[in-house]
Amino acid sequence: MRVALFLTCVNDTLYPETGRAVVTLLTRLGVEVDFPAAQTCCGQAHYNTGYRHQAEPLARHFAEVFGEYDAIVTPSGSCGAMVRELYPRLGERARAEGRGGGLAATLAPVVPKTYELTEFLVDVVGVTDVGAYYPHTVTYHPTCHGLRGLGLGDRPLRLLRAVKGLELVELPGAEECCGFGGTFALKNADVSAAMGTDKVRSAESTGAEVLCAADNSCLMHLGGTMTRLRSGLRPVHIAEILAGTEEDGEAGR
Amino acid sequence: MSGTFVGMPAFPEAARAAVADARLRGNLRHATHTIRAKRARAVAEVSDWAELREAGKRIKDHTLRHLDRYLVQLEEKVTAAGGTVHWAADAEDANRIVVELVRATGESEVVKVKSMATQEIGLNEALEAAGIRAYETDLAELIVQLGDDRPSHILVPAIHRNRGEIRDVFRERMSDWGRPAPEGLTDSPAELAEAARLHLREKFLRAKVGVSGANFMVAETGTLVVVESEGNGRMCLTLPETLISVVGIEKTVPTWRDLEVFLQTLPRSSTAERMNPYTSTWTGTTDGDGPTAFHLVLLDNGRTDTLADEVGRQALRCIRCSACLNVCPVYERAGGHAYGSVYPGPIGAILSPQLRGTASEIDASLPYASSLCGACYEVCPVAIDIPEVLVHLRERVVEGGPMVREGNKVVLKPAKGHAAERAAMRAARWAFSRPGALRTGQRLASRTRRLHPRTLPGPGKAWTATRALPAVPPEPFRDWWRRTGGGKEGGK
Numbered sequence: 000m001r002v003a004l005f006l007t008c009v010n011d012t013l014y015p016e017t018g019r020a021v022v023t024l025l026t027r028l029g030v031e032v033d034f035p036a037a038q039t040c041c042g043q044a045h046y047n048t049g050y051r052h053q054a055e056p057l058a059r060h061f062a063e064v065f066g067e068y069d070a071i072v073t074p075s076g077s078c079g080a081m082v083r084e085l086y087p088r089l090g091e092r093a094r095a096e097g098r099g100g101g102l103a104a105t106l107a108p109v110v111p112k113t114y115e116l117t118e119f120l121v122d123v124v125g126v127t128d129v130g131a132y133y134p135h136t137v138t139y140h141p142t143c144h145g146l147r148g149l150g151l152g153d154r155p156l157r158l159l160r161a162v163k164g165l166e167l168v169e170l171p172g173a174e175e176c177c178g179f180g181g182t183f184a185l186k187n188a189d190v191s192a193a194m195g196t197d198k199v200r201s202a203e204s205t206g207a208e209v210l211c212a213a214d215n216s217c218l219m220h221l222g223g224t225m226t227r228l229r230s231g232l233r234p235v236h237i238a239e240i241l242a243g244t245e246e247d248g249e250a251g252r
Numbered sequence: 000m001s002g003t004f005v006g007m008p009a010f011p012e013a014a015r016a017a018v019a020d021a022r023l024r025g026n027l028r029h030a031t032h033t034i035r036a037k038r039a040r041a042v043a044e045v046s047d048w049a050e051l052r053e054a055g056k057r058i059k060d061h062t063l064r065h066l067d068r069y070l071v072q073l074e075e076k077v078t079a080a081g082g083t084v085h086w087a088a089d090a091e092d093a094n095r096i097v098v099e100l101v102r103a104t105g106e107s108e109v110v111k112v113k114s115m116a117t118q119e120i121g122l123n124e125a126l127e128a129a130g131i132r133a134y135e136t137d138l139a140e141l142i143v144q145l146g147d148d149r150p151s152h153i154l155v156p157a158i159h160r161n162r163g164e165i166r167d168v169f170r171e172r173m174s175d176w177g178r179p180a181p182e183g184l185t186d187s188p189a190e191l192a193e194a195a196r197l198h199l200r201e202k203f204l205r206a207k208v209g210v211s212g213a214n215f216m217v218a219e220t221g222t223l224v225v226v227e228s229e230g231n232g233r234m235c236l237t238l239p240e241t242l243i244s245v246v247g248i249e250k251t252v253p254t255w256r257d258l259e260v261f262l263q264t265l266p267r268s269s270t271a272e273r274m275n276p277y278t279s280t281w282t283g284t285t286d287g288d289g290p291t292a293f294h295l296v297l298l299d300n301g302r303t304d305t306l307a308d309e310v311g312r313q314a315l316r317c318i319r320c321s322a323c324l325n326v327c328p329v330y331e332r333a334g335g336h337a338y339g340s341v342y343p344g345p346i347g348a349i350l351s352p353q354l355r356g357t358a359s360e361i362d363a364s365l366p367y368a369s370s371l372c373g374a375c376y377e378v379c380p381v382a383i384d385i386p387e388v389l390v391h392l393r394e395r396v397v398e399g400g401p402m403v404r405e406g407n408k409v410v411l412k413p414a415k416g417h418a419a420e421r422a423a424m425r426a427a428r429w430a431f432s433r434p435g436a437l438r439t440g441q442r443l444a445s446r447t448r449r450l451h452p453r454t455l456p457g458p459g460k461a462w463t464a465t466r467a468l469p470a471v472p473p474e475p476f477r478d479w480w481r482r483t484g485g486g487k488e489g490g491k
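Respectively, the protein sequence lines represent chains C and S. Numbered according to numbering that gives the first Met the number 0, the first sequence spans residues 0 to 252. Numbered according to numbering that gives the first Met the number 0, the second sequence spans residues 0 to 491.
In case anyone wonders, no lab produced these hints; they're calculated from the structure. Just to be clear, a hint being listed does not mean it is correct.
Said to hold, decoys possible - For lysine-lysine, the following PhoX-like pairs were computed, each having C-alpha atoms within a straight-line distance of at most 25 Å:
1. Lys37(S) <-> Lys56(S)
2. Lys186(C) <-> Lys460(S)
3. Lys415(S) <-> Lys186(C)
4. Lys186(C) <-> Lys412(S)
5. Lys460(S) <-> Lys415(S)
To be verified - Chain C regions said to be covered by chain S (calculated; three or more residues, Cβ under 8 Å):
6. 17-29
7. 165-178
Unchecked claim - Here are some chain S residues the structure puts well away from chain C; computed CB gaps all over 12 Å:
8. Asn161
9. Arg355
10. Glu394
11. Glu474
All residues carry an ideal CB built from backbone N, CA and C; glycine is no exception.
Assemble the whole structure, with the sequences as input and the hints as a guide.
Shown next as C-alpha cells:
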C-alpha cells in the first residue's frame with residue numbers, strides 16, 4: 000500500500016512537529032509513508048471565503064500530486080473534510096456551469112482514499128492502541144469539520160483512552176465550535192475571540208494540562224488565546240500524543 | 000423587508016457591541032443552552048427522526064418545484080370556502096392591501112397573532128402611519144412592543160430580556176397601551192403572565208379585526224394552520240369579525256397528510272415539546288362560527304427570485320423553528336439584533352441576503368456571520384444545508400455573477416471593499432500552484448522569524464488583539480523531510 004502524507008500548508012509551515020510525529024507514529028505501526036514534495040494547499044480558505052474558482056486549480060493540483068497513491072493521510076480534520084465533502088461539489092458545480100465533467104473526473108479518485116489521521120489508524124490500520132505513552136491529563140476538543148464534516152465519532156477518544164499514562168477528562172460543551180473558522184477569525188474577530196475564550200475557559204474548568212485536537216488550525220486559534228489569557232493549558236495535536244512512547248520519555252511540545 | 004432595520008451597521012460592528020454586553024450575553028447563553036438541551040432530548044425520543052427530516056425536506060422540495068400549481072389550487076379552495084385571496088409582490092403591496100382592508104371595516108385597531116411575515120414587511124409601522132394601532136398579543140411580542148424594542152429571535156422575540164427587565168417594561172409601559180400592570184408586580188413568571196393576560200384580555204374582547212400569519216397553508220382544502228404555545232393566537236383567529244392573514248407563498252403544503260410530518264418536527268425542534276399546545280386551522284368562513292370575513296394576502300417579497308437560485312432555494316424549506324439559532328455559537332454571542340433583519344441567526348444569514356439582495360453593507364456581511372461549524376445543518380428539521388448556502392452567497396458577494404432580481408435575469412458585479420482580499424486570495428492561489436514558491440516563502444519566513452512583530456497592523460490586527468501569533472519554526476516540514484530523507488537519517 001502506497002500511503003502519502005498530506006500534511007497541509009498550515010502544518011508544513013507552522014507546525015512541522017506534527018508532521019514529524021505522524022511520520023514517527025505511522026512508521027512505528029509499519030506503514031511506509033511518502034511525502035510528495037509538490038503538495039501545497041487544499042484550497043479550503045479560497046472555497047469557504049467565496050473564491051470557489053480560485054480553489055479549483057488547487058484542488059486539481061491536489062489530485063495530480065496524490066492521485067497515484069492508494070491512501071492519503073492528513074492530520075487535519077478540516078482539510079480532510081475539504082477533500083471529502085467539498086471536492087465533489089467543486090466538480091459538480093463546474094459541470095453545472097457547462098465546463099464539462101473534467102474537474103469532477105480528476106477529483107473523483109482522490110476523494111474516497113483521503114483519510115484523516117485518526118480515521119486512518121482505526122479504520123485502515125485497524126488499531127486503537129498505538130503503543131503510546133503520555134503521562135498527562137488531557138481534554139479533547141472534537142473540531143467541527145472532524146466531528147460533523149468527516150464524522151470521526153469517537154475514534155480520537157478511543158485512541159487517546161488507549162494511551163498509557165494519559166488521563167482523559169471530558170470537555171464541557173465539547174461539540175461547540177472554538178470560533179476559528181478560517182477567515183471568520185479575521186472578518187468577525189470579536190465573536191471569534193469570544194468563542195475562543197469560552198472554549199479555553201471550558202477546557203480550564205476540567206483541570207487538564209493539555210487541550211488536544213486533531214487540527215492545528217483550531218489549536219492555533221486556541222493556543223493564541225491561551226497565551227493572551229495566561230492560561231496554564233497547552234495546545235497539543237493528537238498526533239504528537241500518539242507518537243510518544245515510554246522509551247522516548249515524555250512526548251509533546 | 001421591514002424599514003425597522005434600515006441603517007444597521009454591518010454584522011461585525013453590530014456584533015461587537017453585543018459581545019461586550021455582559022448582561023445580554025448572559026441572557027442569551029442561559030436561554031439558548033436551556034432550549035438546546037431540551038430540543039436534543041425531545042428529538043432523541045423519536046426513533047424515526049432521520050426519516051421525518053428527510054420526509055419534510057422532500058415535501059417542501061416537491062411543493063417548491065410545483066409552487067405555481069399549488070398556489071393556484073390554494074386560491075381556488077380559499078375562494079370557494081368564502082375567503083378572498085390577494086397577491087402581494089412586495090412589502091409595499093402587502094401593507095397597502097392590509098391597510099385598505101382594515102380601513103374598509105371602519106376600525107382603527109387590530110389584534111395580531113405573532114407572525115414573521117408581518118414583521119418582515121413592517122406591517123405594524125405601515126398601519127401606524129395609516130392611523131391604525133396594531134396590538135401584539137403573543138407574550139414575547141408584547142414585551143418587545145411595550146419596550147419599543149426589536150425582536151431578536153424567531154420564536155422567542157424577547158430572548159435578550161430577562162425577567163427583571165420584563166417586569167420593568169410592564170410596570171413602565173403597559174398603561175400607555177391599555178390596562179396598566181397590577182400594583183407591586185414582581186418578576187415571578189406567574190405574576191408576569193397574569194399581568195399580560197389581564198392586559199390582553201381587554202384587547203381580545205374589543206377587537207373587530209385580527210391579523211395573522213400562518214405556519215402552513217394546505218392547498219387541497221384552502222386551510223390555514225397556526226401552531227402556538229399560548230392560545231393568544233387562537234383568540235385573535237376566532238373572536239374578531241374580520242381576519243386578515245399575511246403569509247409567505249412558500250408556506251404551502253399540498254395535503255393535510257403532509258402536516259403530519261411537520262406537526263412532529265416543528266414543536267420538537269422549536270420549543271422541545273412533543274406536540275404544540277394549540278393547533279388552529281381555518282378554512283374560509285363559516286356562518287355563526289369565527290370571523291365573517293377572511294382575507295388571505297399571499298406574499299412574495301423576494302421569494303420567487305430566491306426560488307430561481309438552485310443552491311439558495313433550499314432556504315425556502317424553512318419552517319421557522321429556530322433550532323439553528325438556538326444551537327449557533329455565533330448567534331449566542333452576537334444576539335439577534337446584530338443580523339439587522341427579522342430573521343436572525345444562521346437562517347437569517349442565508350434568507351435575508353436572498354430576499355433583500357446583497358447590495359447593502361449589512362446584507363453583504365451576513366453570509367460571513369458564521370464559522371461554518373455546521374451545527375445549524377445538523378439540527379435543521381428540513382435539512383437546509385446552511386453552510387453550503389452561506390458559501391454560495393459569499394461567492395455572490397465577492398465574485399458577483401448571474402441571478403434573478405424581481406423576476407429579471409441580472410448579472411451582479413462583485414461587491415466593493417473586497418479588493419485587498421481578492422488580491423491576497425489570488426496571490427495565495429498563485430503561490431500554492433507552485434510548490435517552489437511556497438518553499439521559498441516558508442524559508443523566508445523561517446529565516447526572518449526573530450524579526451516577526453508580536454502584533455500585526457491592518458486586517459491582522461483583529462487577530463493579535465486577542466490572540467498571540469504562532470511562532471514560525473526554524474525549519475518547515477518539507478525541509479526536514481528532505482534533509483533527513485523522510486526521517487530515516489535521524490535529526491528531530
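To see whether the hints hold, each was checked on the structure:
{"no.": "1", "hint": "Lys37(S) <-> Lys56(S)", "in the structure": "holds (23 Å)"}
{"no.": "2", "hint": "Lys186(C) <-> Lys460(S)", "in the structure": "holds (11 Å)"}
{"no.": "3", "hint": "Lys415(S) <-> Lys186(C)", "in the structure": "holds (15 Å)"}
{"no.": "4", "hint": "Lys186(C) <-> Lys412(S)", "in the structure": "holds (21 Å)"}
{"no.": "5", "hint": "Lys460(S) <-> Lys415(S)", "in the structure": "holds (21 Å)"}
{"no.": "6", "hint": "17-29", "in the structure": "holds (count 5)"}
{"no.": "7", "hint": "165-178", "in the structure": "holds (count 4)"}
{"no.": "8", "hint": "Asn161", "in the structure": "holds (20 Å)"}
{"no.": "9", "hint": "Arg355", "in the structure": "holds (18 Å)"}
{"no.": "10", "hint": "Glu394", "in the structure": "violated (4 Å)"}
{"no.": "11", "hint": "Glu474", "in the structure": "violated (6 Å)"}
When the structure is compared with the earlier hints, violations turn up for hints 10 and 11 and for no others.
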